[in-house]
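K.L.:
Residues per chain are reported as follows:
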Amino acid sequence: MLIGSPIGRRRKRVLIHKYVEGVEPSSPRETLVVQECVAPDVLSEASQRSAANRITSLPSPHPRSSVLQTRPCCDSLKKRARCELTVRLRRGRGRRCFRVHAAVKQWRVLAGKGFARNLQYSASHIVNTAASVVFGLIYIYVWRAVTPESGFGAYSSSMIAQYICINQTTAWLTQFGMKIRQRMVQSVRSGRIAVELARPMDFFWYNMDFEYGSQLYSLMFRGLPVGFALSLLAQLRMPHSAIAWLGALASLAIGGYIGIALNYLVGISSFWTNEIRTLSWALFSLETFLGGLSMPLEVLPRPLELLAKVSPFAHLAYYPARIYMELSEPAPVLAAGLAWAVVLTIAARRVTFRARRRLEVQGG
Amino acid sequence: MTQRRVARLSAGVPGTAAPVFTRLRLAARVYRVLVSASLRGKMQYRLDFLGSTLIQTIMGSDSILFIGAVLWRFGPVMGWSIYDIGMLYAVSRMGNGLYMLLCNELDRFELYMVNGDFDTLLIRPWPTLFTLLARGVGIDRLSFLVQGAAAAVLTAPRLAADGVIGGWDALWLLASVVWSAMLYFAVGLATSAAGFWIVRIEELQVFAMNAPSTATTYPLDVYPSWLRWVFVTLLPLGLGGYVPLRFILDKGGSPLDLLWPALACPVAVWAALRLWKTGEAHYTSTGT
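Chains A and B are the protein sequences, given in the same order.
This note's numbering numbers the first residue of the first sequence as 1 and each following residue consecutively.
This note's numbering numbers the first residue of the second sequence as 1 and each following residue consecutively.
Watch out, some of these pointers could steer you wrong.
To be verified - Each computed SDA-like pair below joins lysine to any residue, with the alpha-carbon atoms no more than 20 Å apart:
1) K179(A) - R108(A)
2) K179(A) - R32(B)
3) K179(A) - P125(B)
4) K179(A) - R108(B)
5) K277(B) - P125(B)
6) K179(A) - R189(A)
7) K42(B) - L26(B)
8) K42(B) - Q186(A)
9) K42(B) - T278(A)
10) K42(B) - K309(A)
11) K42(B) - N274(A)
12) K309(A) - R73(B)
13) K42(B) - T273(A)
14) K277(B) - G166(B)
15) K277(B) - A194(B)
16) K179(A) - D107(B)
Claimed, not checked - Rough simulated footprint, nothing fancy, chain B against chain A, three-plus residues with beta-carbon under 8 Å:
17) 129-138
18) 152-161
19) 272-285
20) 295-304
Since the hints were derived computationally from the structure, they do not count as laboratory data.
Quantities reported herein were computed from a predicted structural model and do not represent experimental measurements.
Glycine included, each C-beta is placed from N, C-alpha and C at the ideal position.
Input sequences plus hints: build the corresponding full structure.
P.N.:
Here's what the structure looks like:
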């Protein structure tokens with residue numbers, strides 16, 4: 001142990017954290033400190049018992065840790081240190097800034113993995129992108145046929161085409177291609193959920209981070225090509241102001257978060273029902289209809305329009321498109337979106353808490 | 001008892017010397033036995049089945065709700081009133097529903113390829129397609145049929161009152177449902193057959209089935225000519241619904257519009273079956 005060491009607790013923690021990040025200690029004394037800190041006797045008894053299981057579920061080592069990877073003893077030490085750090089964080093013993101930093105790192109690692117996993121399905125994604133272009137064409141042509149020459153409300157015929165084009169692009173982040181529901185159902189059915197819940201990180205954030213990375217891939221490699229193809233037909237116009245750009249991006253990011261949280265809530269219902277097809281259908285229809293994916297919400301009858309606008313679904317497609325087209329002020333929309341994000345996060349975490357108690361592990 | 005039953009059922013296996021009629025009779029019997037077994041399995045959770053069918057029926061009507069909201073706001077599209085489009089939706093949806101009901105396993109065919117389950121079909125004494133279709137009836141897809149039937153019930157009286165459809169047109173509408181189902185089967189079978197080469201077909205199904213299925217619930221008049229051509233030739237789901245209904249509902253066309261689907265459907269099914277046979281010969285198991 002480090003009793004009597006001239007290096008303080010805070011400095012030790014920073015050193016360990018850097019070590020986990022892949023930064024080699026800069027002096028022999030720091031090396032000694034790190035090695036002692038991550039020695040097995042520092043790990044608590046409980047964490048030692050479950051370390052073997054937990055290590056398998058931890059994110060892979062950071063690529064920058066090439067120096068450490070060359071040393072045979074470092075891999076296991078690093079994993080132990082990471083495990084211990086995560087345990088400490090979960091127990092709330094870390095400082096706040098340290099926790100934020102770890103959360104950001106967790107998001108980066110898990111989102112990166114979700115992103116990278118999709119790269120292996122690029123061929124099938126190309127076919128799906130073509131299908132999405134066809135869907136976009138269908139809606140654009142239908143709208144061109146029905147929209148009066150004078151337009152309606154704030155929308156001209158050309159603006160409707162742009163609206164469809166934007167939504168067919170952004171929906172790849174907020175709605176299309178989400179696997180979180182199916183992944184959770186399969187985990188519950190196979191009993192793998194026990195391992196996932198045992199991971200030393202929050203179940204909700206783990207799924208959120210992983211899925212967000214996956215959806216970012218979808219946006220970049222599936223949504224943007226669709227948007228580019230449709231923009232040739234829709235003559236997509238760029239926003240004039242930087243505020244509209246920033247507002248649209250922020251609204252889209254919040255929309256992605258809300259979309260994943262809604263899907264998470266449907267997915268976690270499998271802890272109770274084991275079958276979520278009905279709820280999935282319901283969610284898909286609500287997202288499509290009240291989200292304004294294929295039509296501006298102003299088309300709906302007035303009471304339904306008002307209901308849709310205050311629902312979280314409108315943040316999946318309608319509001320990001322409106323802000324991009326400079327038809328809505330970003331500030332109130334973002335505030336409402338953030339409020340929904342907070343509400344859904346609280347709901348998801350509470351449901352997760354109950355689900356943990358309710359869980360019956362299947363399989364063997 | 002069981003052995004006697006199996007022996008009886010195997011007596012009409014293709015390739016044996018039994019007469020055609022006997023083989024067909026036995027095929028129907030085997031189909032009935034397999035389907036009833038599948039139904040019994042699916043109906044274990046009756047309440048879940050009823051609930052999911054009801055909710056799917058209500059919530060899965062998004063495309064008709066979309067066009068309903070649009071027409072409510074803007075009036076007829078290219079001369080097609082909400083009742084005309086409702087009938088077009090009904091025919092297309094019921095055709096899709098029939099396909100999903102009878103050929104549900106084709107929709108899940110990717111799993112057979114990925115998991116290697118197709119191997120088990122190859123060792124059965126019946127054609128693989130027959131065994132595949134008999135393995136599961138899409139009873140949980142009844143919602144499609146219910147949606148279509150509801151749209152037909154809601155729109156037909158008004159169309160009849162307006163003199164758009166008469167007595168004989170009901171027969172043509174029913175025939176259109178059958179043609180539509182046959183075209184869904186042909187496209188679905190061809191898409192599944194592609195799985196023998198590319199294994200993963202889910203995305204292809206979205207492209208070849210879902211996109212045209214959505215497109216053909218609207219009048220094809222709204223699309224440019226090249227896209228119309230695609231939906232009546234390459235992905236011909238529009239041929240079963242839009243083409244005959246164009247004539248039946250007095251939206252132009254000629255009596256030949258009733259003939260084209262009748263000619264095209266058998267050809268499309270035959271071509272899809274040939275593709276299936278060819279693909280089956282090229283099948284390589286992924287193992288189990």
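K.L.:
Please go over all the hints and tell whether each is borne out by the structure.
P.N.:
Hint by hint, here is what the structure shows:
Taken as a hint, the K179(A) and R108(A) pair is honoured in the structure, with Cα atoms around 19 Å apart against an allowance of 20 Å. For the hint pairing K179(A) with R32(B), the CA-to-CA distance comes to about 36 Å; that exceeds 20 Å, so the pair is violated. Between K179(A) and P125(B) the alpha-carbon distance is near 38 Å, which puts this suggested pair outside the 20 Å criterion. Restraint check: the Cα-Cα separation between K179(A) and R108(B) comes to about 17 Å, which is no more than 20 Å; the hinted pair holds.
Of the pairs offered as hints, the one joining K277(B) and P125(B) holds, with about 16 Å between alpha carbons and a cut-off of 20 Å not exceeded. For the hint pairing K179(A) with R189(A), the CA-to-CA distance comes to about 15 Å; that is within 20 Å, so the pair holds. About 24 Å separates the Cα atoms of K42(B) and L26(B), which puts this hinted pair outside 20 Å; it is violated. Of the supplied pair hints, the one linking K42(B) and Q186(A) holds, its CA atoms being roughly 19 Å apart against a limit of 20 Å.
Between K42(B) and T278(A) the CA atoms are separated by roughly 15 Å; this keeps the pair inside 20 Å, and the hint holds. Among the hinted pairs, K42(B) with K309(A) is inconsistent with the structure: their alpha-carbon atoms are about 39 Å apart, more than 20 Å. A distance of roughly 15 Å separates the Cα atoms of K42(B) and N274(A); the hinted pair therefore holds under the 20 Å criterion. For the hint linking K309(A) to R73(B), the alpha-carbon distance of about 18 Å falls within 20 Å, and the restraint holds.
Taking the CA atoms of K42(B) and T273(A), the gap is near 16 Å; set against the 20 Å cutoff, the hint holds. Using a Cα cut-off of 20 Å, the hinted pair K277(B) and G166(B) is violated, with the two alpha carbons roughly 43 Å apart. Distance check on the hinted pair: K277(B) and A194(B) sit about 11 Å apart at the alpha-carbon level, within 20 Å; holds. Of the pairs offered as hints, the one joining K179(A) and D107(B) holds, with about 19 Å between alpha carbons and a cut-off of 20 Å not exceeded.
Look at the region 129-138 of chain A against chain B: 6 of its residues bring a Cβ nearer than 8 Å to a Cβ of that chain, three or more, so the hint holds. A stretch counts as covered by a chain when three or more of its residues have a beta carbon under 8 Å from one of that chain; for the region 152-161 of chain A and chain B the count is 1, and the coverage is violated. Counting residues of the region 272-285 of chain A whose C-beta sits closer than 8 Å to any C-beta of chain B gives 7, which meets the bar of three, so the coverage hint holds. Counting residues of the region 295-304 of chain A whose C-beta sits closer than 8 Å to any C-beta of chain B gives 4, which meets the bar of three, so the coverage hint holds.
Hints 2, 3, 7, 10, 14 and 18 from the list above are not met by this structure, while the remaining hints are.
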